[in-house]
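Visitor: Could you build the full structure based on these sequences and the hints that come with them?
For reference, the chains in residue letters:
Protein chains: 2
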Amino acid sequence: MNGADTLVGTLLASGVDTCFANPGTSEMHFVAALDANPDMRCVLCLFEGGVTGAADGYARMSGGVAATLLHLAPGFGNGHANLHNASKAGVGIVNVVGDHAQRHLRYEAPLKGDIEGVAGSVSSWVRRAAGPESVARDAAEAVAAARSGGGRIATLILPADAAWGAAEGAAKAPAPPPLLRPDPAQVAAAADALRRPGAALVVSGPGLHGAPAEDAGRIAAATGCRLIAPFFAPRLRGGAGAPAVERMQYVVEENSAFFDGVAHMVLVGADRPVNFFAYPGKPSTPEPPGATHDPLCPPGWDVAWTLAALVDAVGPAEPRRNASARPEAPTGPITPQTVGAAVARALPDETVIVNEAVTAGLTLAPALRGAPPHDLLSNTGGAIGMCLPLAVGAAVAAPGRRVLALTGDGSAMYTLQSLWTMARERLDVTVVVFANRGYRILRLEMANLGVTDYGRNAQRMFDVEDPSLDWQALACGHGVPSERVETAEALEAAIARASATPGPTLIEAVMAS
Amino acid sequence: MNGADTLVGTLLASGVDTCFANPGTSEMHFVAALDANPDMRCVLCLFEGGVTGAADGYARMSGGVAATLLHLAPGFGNGHANLHNASKAGVGIVNVVGDHAQRHLRYEAPLKGDIEGVAGSVSSWVRRAAGPESVARDAAEAVAAARSGGGRIATLILPADAAWGAAEGAAKAPAPPPLLRPDPAQVAAAADALRRPGAALVVSGPGLHGAPAEDAGRIAAATGCRLIAPFFAPRLRGGAGAPAVERMQYVVEENSAFFDGVAHMVLVGADRPVNFFAYPGKPSTPEPPGATHDPLCPPGWDVAWTLAALVDAVGPAEPRRNASARPEAPTGPITPQTVGAAVARALPDETVIVNEAVTAGLTLAPALRGAPPHDLLSNTGGAIGMCLPLAVGAAVAAPGRRVLALTGDGSAMYTLQSLWTMARERLDVTVVVFANRGYRILRLEMANLGVTDYGRNAQRMFDVEDPSLDWQALACGHGVPSERVETAEALEAAIARASATPGPTLIEAVMAS
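In order, the protein sequences belong to chains X and H. Just so we're on the same page, this note's numbering is the position in the first sequence counted from 1, plus 60. Just so we're on the same page, this note's numbering is the position in the second sequence counted from 1, plus 60.
What the hints contain is simulated information worked out from the structure, not anything from laboratory work.
No copy labels: a pair is met if it fits in one copy or bridges any two.
Pairs of lysine to aspartate or glutamate residues, derived as EDC-like cross-links and limited to a Cα-Cα distance of at most 20 Å, are as follows:
| no. | residue 1 | residue 2 |
| --- | --- | --- |
| 1 | LYS172 | ASP331 |
| 2 | LYS232 | ASP77 |
| 3 | LYS342 | GLU168 |
| 4 | LYS232 | GLU193 |
| 5 | LYS342 | GLU314 |
| 6 | LYS342 | ASP320 |
| 7 | LYS342 | GLU313 |
| 8 | LYS232 | ASP99 |
| 9 | LYS232 | GLU201 |
Predicted model only: the values in this text are computed from it and were never measured.
Guide: Written out as structure tokens, the structure reads:
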């Protein structure tokens, strides 16, 4: 038995049984250890952004901790962006990052790099295993760290000699420290405040699905306060029958209007609302001047307990729920306006939607409200390229549920390699690529900045044209069947068809220009 | 005029006129400034690894500094791996990384991240512009930092308000500090040592092309020492007529044999030789026990001056040069053995070869020795995914020369988005993807570790099969014409055909299994 064996054994003993991997030479003993432990499900991704995004999607849907296997500092770097998103989602991930053997680090080998530096920029917990005998304990503490605060990024650096050296016995992760809770007096005060005019309960993190979401709905019903979720929430229970939640807006002016009349916010699992970007002459925050904030339960505290305690304080009530509503069948060109209806009509029950449609997805929310019940995973960190990887992880975590990945063409290009993993693992994912031939969001942002007239250099930064991407060919290259649609009715039919077909399908939805 | 205008003006005034970019919202004012300065060539890449790798390839071939435009911490993270390679190559790059406006950073916006942390892990110089008035000076110092030590990674963080705020006038980069030089007495001692039996001159960095490479060849001829280059050099002048240089080996045992008889090494622009990875029971370094090292001119010092001074010390001599040799026409299956002959025979004069063929490329060196003169760019940092991006940058820097990108299929998948940039910019690149349907190198490494028998979990980490990638479809998806070949003679013909065709072509070379 070696250090790598004890690492895999410790992960399994600690309830971590899924590893998204892009291994290299320094991790060969870990790979050999995976071999000896077929209970560990290994999912190969052909790029590390696919690995870390899949871990995020897995953790969001399973509620558990996902493991990743990455190769030295550059491998971690490639996974950085989706770990950024995962850290903002508050999920638990243990990254195992191979490094050179200790003795090799005194020389300038090509792959020697600052793993601690790149990992530390996005991890809550980083440790280098000192030797093979410490690996089991280190791994156990990594899992505990990943479970702390409801879900964090923990990175264990595994030198090759710590993996290959002799070691004995696996360990088991200790319980993470208990989640922090607000004082009961603070809960009582918050409950009182929520009954006043202009009050809003702002909820995120684990407060937007399952029992906590029900509690949030009860609180809103009992107090008459508004119930508000961020525009980009990690996991939002939605559709008919779900507690009615209002979602913040992306565009600054629309978000200011959204918060009109809000005088006081109680924050549970959520940070103070902030606009996505700052713009000259526009406010960073959306609420009216003078509105107050009560950071009752910050992200990483006990959201479920806090919401339950608020229910106790405000008294019983039945949540207001989204009514079932089927939009009119959309026809004609595929536009941000018709996309929502097409998706809502074709959505199978209990779909997991991963939304990175950017401009095409900005208008999705109203259509989804009355759609069949579903979970919606959004881009919590704003680093684009999360959609296809998250869809991989969500599908691994939730077999039997369809995953619908909605992505812009620009976004999808960052991590398109995830298509291959969908094909290999026969994942039930429908990918819709909204082909608007460019970074449409940047045109919008340029206008937000007041620049509407621009020349060749800018234009060529916004357009993904000349040549256009051929998404059917890209899907074929990765082994994923596909079709192309150019009308809203064809899009609806294609989503319905793909939903009934096991395995992945890619739909290229050509947007009207 | 705003901060972004002064930034672009300063780059241009400092001789930096090419920017590889993947912009986001926080960089819109920079994009607007690029518009106003059409002298700046902007090259859009659809993923940041493509941006930074292109900057590396550009810098290697131009000898100048490339600029990149990246979007906040995750954008930098996506570019980390190829910056790692670039830092090991010793090239000059100025990264401009947009960030939120200063006032926005007090809130928890989704894209807020630790830019200093991720950038610091791979940059020699990092600075955050304090405000619009400082941007020009900051940019000028960034360029000087990127030129220091012969070429370094400099990262300038540009908050959105520093870009959009009013500013006046561009600056010009000061001269970088002079390169360090060894003491003349040390040069004289090294010259003496090189005349003794068992001496080797180990050269890397700028010492392997142009006038310094000629000098290195003269020194070897005058002293009788061996002239040795790393296996992965940033830019190696090769082919018929180039000074004869021996290249280190990748496989540990072969590298030990290569260094057999070496008693003393003079290092110029090179670190002490080290094997790529450490393995249990195998040495980290390749030279015989007791061999000594003279770190005469460390990487980042004045390699050209040192080699010229050594020539003065050892006296005039004509370098031994590679003889022209045309291998027999290869036939039959495409194997690591036949690849070299096919490439060497089809190579146009003055090709820039970017080699990341990994296993298929391990045997390329002997065939290239007598091939038409060329430059060879290798993976200096070992972070895979450099080939296609470097080819983009090399082609931008060296119009009129053909670029031949040799890559494994596993490697190419990391940054395949670069194909699109080749098509858009009509770059004269021939991409050969050696399709061995897997990470063949990992099978080799597993064997190096003594593991030859492995099961499903390991196997599925090594094979990129089920499904196989279809590289013709992937090329088509990115707008690049392609063909597929399955014999060595067809490969030779395809490379010759592509070389005669303007713009990019991808050749999928199916390896014999």
